[in-house]
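Generate coordinates for the entire structure from the input sequences, incorporating the hints supplied.
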Amino acid sequence: MNPIPFLYAAYIVTWVIHGVFLLTLVARYRKADRELREFQKK
Amino acid sequence: MKTPVLIAIAVVVALLAFGLYQGLVVAPTEQTMGDVQRIFYYHVPSAWTCFILFFINFVASIWYLFTRTSKADAIAVTMAEVGVVFWSVVIITGPLWARPVWGIWWTWDARLTSTLVLGLIYVSYLILRRFATGGQTPILAAALAVFGFADVPFVYLSIWYFRTQHPQPVIGGGGSLHPAMWHALLYNWLAFSALAALLCWFRYQLERKQRDVEETLALESLLEGSPK
Chain A
26 MNPIPFLYAA YIVTWVIHGV FLLTLVARYR KADRELREFQ KK
Chain B
68 MKTPVLIAIA VVVALLAFGL YQGLVVAPTE QTMGDVQRIF YYHVPSAWTC FILFFINFVA
128 SIWYLFTRTS KADAIAVTMA EVGVVFWSVV IITGPLWARP VWGIWWTWDA RLTSTLVLGL
188 IYVSYLILRR FATGGQTPIL AAALAVFGFA DVPFVYLSIW YFRTQHPQPV IGGGGSLHPA
248 MWHALLYNWL AFSALAALLC WFRYQLERKQ RDVEETLALE SLLEGSPK
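Protein chains in written order, with this note's numbering: chain A, 26 to 67; chain B, 68 to 295.
If you are wondering where the hints come from, they were derived from the structure by calculation, not from laboratory data. Where hints are given, some of them may not hold.
Using 30 angstroms as the maximum straight-line C-alpha spacing, the simulated DSSO-like pairs for lysine-lysine come out as follows [what the hints assert, rightly or not]:
1) A:Lys67 <-> B:Lys276
2) A:Lys66 <-> B:Lys276
3) B:Lys138 <-> A:Lys67
Next comes the structure, spelled out in structure tokens:
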């Protein structure tokens with residue numbers, strides 16, 4: 026069995042997990058910020 | 068975005084790039100396992116970082132149970148969520164290492180099972196925070212976090228007290244690690260700790276913003292309900 030794909034998969038998965046989490050944080054922050062501005066406009 | 072935040076992001080990216088270089092290029096190839104052992108430079112620092120985050124969650128939960136301050140609760144939920152992210156890395160990179168080395172993806176031994184249970188406890192903590200309604204939710208979540216943390220020492224000590232397939236611990240396990248491997252491990256731990264700090268800062272800002280929204284919403288509904 027060639028182990029190299031497992032090594033790359035582990036490193037790539039790590040970055041994908043952190044990247045997706047960071048993107049969800051940004052999206053959730055923007056949503057909360059937009060909601061707060063809408064409330065303040067009222 | 069403010070300049071200190073941009074500097075922090077640049078420092079974290081540089082540390083991670085250096086850690087990657089250390090893990091893939093500088094660290095020598097392990098004689099028995101070959102290059103797949105390099106997964107260790109991401110798996111172990113992620114596990115250590117995860118334990119630290121859950122420990123801070125534990126401390127913040129106790130702080131909240133005694134003081135009921137919103138800040139303690141916000142810190143606790145921040146640490147739990149970022150901790151679960153690092154736990155996800157641990158629980159996925161472990162089997163990716165195990166498959167070529169052991170020939171199996173998973174085995175129900177004490178270390179692996181207790182690690183899985185640990186993550187499920189904190190996932191249930193986050194589900195409780197997300198879906199439970201009522202003023203008692205932060206208190207229940209804090210109590211769950213305090214008892215949930217009891218699994219962390221069990222995970223750590225499981226390879227000492229049980230016969231497991233998992234390798235012995237890096238620190239105090241009796242084995243020896245090449246100095247270059249130590250350097251790669253510690254650089255990556257530093258890099259992942261810096262990344263965790265940055266993610267926690269972002270998550271904490273989000274928590275504060277969400278609490279502002281909830282307070283504004285509550286105030287608005289109070290004003291709408293008040294007699295004119």
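Comparing the hints with the structure gives:
{"no.": "1", "hint": "A:Lys67 <-> B:Lys276", "result": "18 angstroms, holds"}
{"no.": "2", "hint": "A:Lys66 <-> B:Lys276", "result": "16 angstroms, holds"}
{"no.": "3", "hint": "B:Lys138 <-> A:Lys67", "result": "28 angstroms, holds"}
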